[in-house]
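Take the two lone chains, each set in its own frame, and fit them into one complex as the hints suggest.
Line by line, the protein sequences give chains A and B.
If you read the first sequence in numbering that gives the first Met the number 0, its first letter stands for residue 0, the second for the next number, and so on.
If you read the second sequence in numbering that gives the first Met the number 0, its first letter stands for residue 0, the second for the next number, and so on.
Calculated directly from the structure, the hints in this document are not laboratory data.
One or more hints might be untrue.
One side of the interface only, derived from the structure: several residues of chain A facing chain B at Cβ under 7 angstroms [claimed, not checked]: (1) ILE11; (2) LEU18; (3) LEU22; (4) ASP32.
We put the CB at the ideal spot given by N, CA and C, even for glycine.
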Amino acid sequence: MSVLFIALPLAILLGAAGLFACLYCIRSGQYDDLDSESYRILVDQQPGKSESPEGQE
Amino acid sequence: MLLGRLDAKVPLGPTMKETLTAASRAPDRSEQNPTKVLCAHCGLETLVRGKETWGLSTKAIAEEDPAVENLAAHRLAGRAVQDGSLSPGPSDRQESASKFFCCQGCMGAYSLIHQLGLENFYALRSLSDQESEPVSKVRASEILKDLTQAGVQVDAMGDGTCRVRLGVEGLHCAACCWLIESLPPTLPGLRSAQVRFSDQSLELIYDPSRTAPFRVAEYLARFGYALGPWSPEGAEDQTDGRLRREHWFWIAVAFFLAANAMWIGISLYAGESTGIASEHERFLRWVGALLGLLATVFPGRIFFRSAWQSLRSGIPHVDVPVATGLLVGTISSLVGAATGRGHVYFDSLASLVLLLRVGRYIQFRAQYRSGVSIAKLLRFHDIEAIRLSEDGSRTVVLAKNLRPGEQVEVRAGVTVPADGVVSSGQSELQTAFITGESRPQRVRVGDSVIGGSLNLSSTIEMTVERTVQEGRLGQISDWVQEATADRTPLIQLADRVGRVFVWVILGLAILTAGFWSVSRGWEVSVERTVSLLTIACPCALALAAPLVITVAIGRAAKEKIWIRDGNSLERLARPGLMCLDKTGTLTFGDLRVIDWSGPKELLMRIARIELESEHPVARALVDYGRSEFGAEEFDRRIDSVRVSQVRQEAGRGIYGRVDGRLIFIGRSETPIAPSDTFREVAVWVDGEAQGKFRLGESIRPNLVSSLRQIRDRGWKLAILSGDDSPQVQQIADALSAGGVELFACHGGLSPEEKMQRLGELRREGTTTVMVGDGVNDAVALAAADVGIAVRGPCELAMKNAPIFIGERHLEAIPRLLDASRNAVRAIHRCFAASLLYNALTVGLAMTGYIHPLIAAIFMPISGITVLTMAWSARTFPQRLEKNS
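For reference, chain B alone in the conformation it holds in the complex (with noise of 0.2 angstroms):
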């Protein structure tokens, strides 16, 4: 759907920004009033004005093009440009045939489609409509000019052509594959190109003589794809497609065993019934011997593996039993089979084994490749930097690439790519996603500045004092990887029980093996215990808790809650404690409107100013003045508004000429007191105090009822800020007045002290899980026992924290907590089945009315048993309300 993404090297007027924004919203497009008209290009249905993060800020436009000073008579001019005359709907639809578009943007690619000929993309595209996450970042094509310092390795062909792979941003269906894979021949040079979706990447093959990565990258742009170097996380998903083959092959090996084991089992169980002939019998039984000793030697290893590591480090695993179970029966068998006398158990063996190897597999889905996915997220490689060189000239590059001592040009709404010290210009910097600290910071030339906060109001040059990796962000994903080392891994409830499953069987044995040699001998005694061994086998146990966890872990996806880590589901389900993060995660982190002193008319002229600003101010403003008109009026009379001369001014406020009247947005002179920096705006027209808005903290929607809930389900809460605001105390005086009373609550703490405090309520014993958004929570999430990122404020989300929730308001996590505990119950229940028909067969072969037949019905059973009820299993409650 999002495919008005253009990248930001070309020039674009203000709508094209809109269009950015626009798509960058698209997925909460249901909180708009939708109208009639869909663009023929990217299929949006409505503009949304309302100001997001961007690349490429409004003002970093004004700046590139001086000739652009009112932008909003640029806009209009260049729709009257495109179609000839202005069109009469709401906001900037264009028409052109009976084609409507939202941007100049997506005409263009609308029409360049058209000319290369390539019209299937729009049929191919409504084959799959699918919602894919907003990109965070639309990236320059520079990069890729200098491809060494990208860090991408080309492999050069024996034909002379060179290798790439690439990053893309922007796949979402079919369509884009295809359009992207059409390109080679419309590209001199370019051999092809082969985009994998899996984990969004490309492949060039291109004549290094007639082309080069970056002129593929500039063409793509056009269509609103963005390449880059393609991240290093390329190396994980090898190993992880590595094993993934690996699981596959055996599971494909033990499935060839089982399968023929079993053809031989029936035709032995047939023979037996029906009579047979000695020699095929014993040549039946060879066969099926060897089946069964190549599925238990070779796809069977790695339980003997595990069991004989969990037997030397003491940690139970159900491993234990398991290979106990395929031990004595491929002996006992292997016996059987060689003597003719006593039972031969191969298919039953076979089965088991393919049965587990598939269970491997799903667990090995589940599981959560723990510590590097946290890590993961504070890496900063795409982050880009214009270096500044000593002649004057701009290059682009990676943050990673910048040395100490280099000049760097921050523009308003770019990440700040390195730490270090402003060395011209003044802005205002976001430092939320670091600190916590819900107030943009002021600075001047020669303040410090970290790298990850975000330039909030104009351009300051800076010098590189440390890298991002040597610098403050460095250190906290240092520090993340430490308390991820840390943990204290959970022991499965499958390893539990497994480890009372061992002894009970153990001494069942011993009991079998006594009663029997005294009774009638040890001959018979030998064969009861060995058969009560084998079939005591729990492999319907360690299958229960993996498939329930998987089952749910799918749901969850559903109900937009990302788990990565399947133990964490597991350790919700008893209540501890839960610490909350404030800024970004109690609160969005941006402003809000509360309260407006002045005529209702003057907020078009107001909104249609800071329309051009990326200040969180000015995005409280526009989001107050559309609340208070209605999106669809807001949309349509905005455009009417016309606004030239916009011009901010750090700290102090924005000024416009609105239908000729200069208006100031902004602070007086003196502010009230140093800590309420934005939490007064005043406006003056033509030098005149009109109004005033009172602004606070956006708090989550529905956040004391949700946290209510959390409370009802037995668990302490508690909040560990970075703010060390008077914003804390006040939240917390707000939740207790609702009804929510908290175990403890700290401002001010830095990502350290935030995982020491943990630590410390951690001592109490009970389960602590860390809900955050931003960076400054990234060590604590690693160090609880269970970390949950939420969707804050920041482009840059959260989302390999072990869980993620993708919805604004907080109430997931007690749906969560109820899945939690309903999984749990759910492998419980699993479990009683299964050792159900563990104690029915261990209770035959005790008795000695057992047979290799009865186990060859009751493995598959009981497996089939646990697969039913842990699918069957509810573990997300169905929800009242339908998810909007």
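Here chain A stands alone, though its shape is the one from the complex (with noise of 0.2 angstroms):
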């Protein structure tokens, strides 16, 4: 039973690593604008055009 003193920390330093993605996800403004991913999403790339805005001016 005493696996219990290092697993449960493992399994709280597991989440921890997730809520710290989480935190920095919300950081970095990720969830800032919700609408506009949601249409982005919608749009497929075209063939052959603007693959990269740069390569093409």
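Structure follows, in structure tokens:
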């Protein structure tokens, strides 16, 4: 049963890793604009066109 | 939907203007008779020919292009050029292959989009068919030529490119977003364009040596999007966004801690029933203690802070009992974990913190950053002015950059950009929005004009005396801020209950401590008192009100009532005094034909001439013609009427030649009485009097019945108007004839007098509500307990008021009052449920039958009950008729 002493902190640490990832996302502003992204995902990249905006000018 | 909008700088025929008009009217489309053909670009079903205030008037076009004298002929010619033949359909529809367009503008945009290979736009657009508010104004891309002057911040990027954030008007759906973001490769020098929907802005990254933002603006204008300086609301948005991030941040942390603490709690409870090794129990307790402690120390910190503030300021707050519960629970659980005796509540505490944090976030969303918002609507940052320099050249500048002494040209249909004096020309100004005066004001050389009023008939030149900020509008704006600052904050229901709650719990705690220390000794006494204080934490109490209010606000929005301030809803539950503005609130502020004494057939010709004018009388006559003939017949026939030589004379009327006959619509040389300027309009054909129109202010539909409903709910009604014409008394008389007696009726009030009157009426101690539409009401709106703005005739609608009603009639107000009462009742029910749970658990704690498991079960159950009750509360009563 003493595995508990290792497993529990480990589980919490893993969870904490997930938490920090989430906090990073919030801090970096990924949740700020939930509207545009939901539209943007509907858009297919057109083949041969605007693959990278920088490349085409 | 409203994509047929183009930039004002594009030289356009009159049909374009009608599209603009049609687009701006699109949400009201249901009022018109729908036709079968849709425009392939903008999707409009029908053309609305009603006149709207727009940045560019017909007159202005005619001035820019002297060749365009016969506007109707020009339109027909344009159509013939476009498709080689006149289309047989009603109004201006054009056929190109199998596509229909409502105008050249849409057709141009359509072919442009096809040329660029961006046809996807149309497919995507159909995916999201959102209706959006019409954009108030088309901006000129001129402004962006001088970025520093326009107040646009340019960030230099490392690789020689620049980044700017600009406001976009005309964004509606996925298609718009996609279209704009697909443009960079087609425009040299533009690296990327990123749309942000939430605040309607666009980030451009471009190569300054090859292009400039104004070029992008010109380009986008061809698609119907208008770019402008991103207004400083952005700054407020940023703090808003920062706060929101912070809320999410702590909710995430609280969730993590609560979820883990609960698992540990479950193992402990399971261990208790099945047996557990003591070293494991101790370990689990310590881990749980750590998690619970972190929860109270980090995400739970704000509750202690606000409880402390509440204690210091003496204003009761529900956070006081919450913080007491958290504090006592944490300390006793820590002691319990350390000594291995007594109860530990860490799982309950952690989930409590989570629930409260979520509640706090909901409250944050329903809250109103008061003051800022009403002041915001008075910002005239985007007003543009045409500055005349000494050599006669014109430059477009922002109104705020004007300096006293400068010469400005103000065209017909455009907002006056500053306070000043007319230096040349004469015209009529509509000042209703600023002063509440319903009659247009005639101005000549030497007369002073107020910034923010609307130029109705012809171009004038003026000398700037004060900029908008220093002028009348700025003054009003300052008062608004003062009035908002003076407002006494509402002590929320939850806080009032919370105060009683604190005392009751404190009393019970003393009772418990006293009773058990006498009968069973102090150890038992301490344990039971502590568990009482921990368990009595009124989590559901803190959650209930914000939840109910948020739900109600969401439902209100579906009813076209936009509530920005949740507190307002709470205040409306008890009847008080409702003050209404006249111009724009009780009436629409525009004119309506009451009576026409001439032949009906003449109306079509009259309407055709008046279509060329922006004057309120013109609008009234066109609307009258439409209603007399029926919209469909009117739209079909109006096109065949050919008009030429239209000329407006400020203050007199309008001339036009129709079918070879010269028609004059206007006043005879001497008006009957000066106050009746626009009450009577006569028509002459070839110098022969043919009939007269009698005009009156158009009253809001169902006004009397709506007001009666408000009165039936126990409210007293009063009129506070800025108009000093006999109209005010007439309306009051009409109302009392309809059975609505007024508590008070004042006319001719300036904005600050309105506020004073409101203050006097308020001294009687009841809730004061101000209902208004314009800047002249803004101060009173801010000073009243609840400010309700209604959609008035002006484009600058007060959408940022605490409550904004988007419908044409005032019936929304009685519904709002009902909703408010229902919401407060729902809050009461939630409180009752929450207190019932508390009474139960507190009873158990006092008698000693408590266990942390009971707390752990009851806490979420009471939260869930409140949640369900809040959701199911019927705040807005079902309406009998369908929303049309």
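Checked hints:
no. : hint  : result
1   : ILE11 : 6 angstroms, holds
2   : LEU18 : 4 angstroms, holds
3   : LEU22 : 6 angstroms, holds
4   : ASP32 : 5 angstroms, holds
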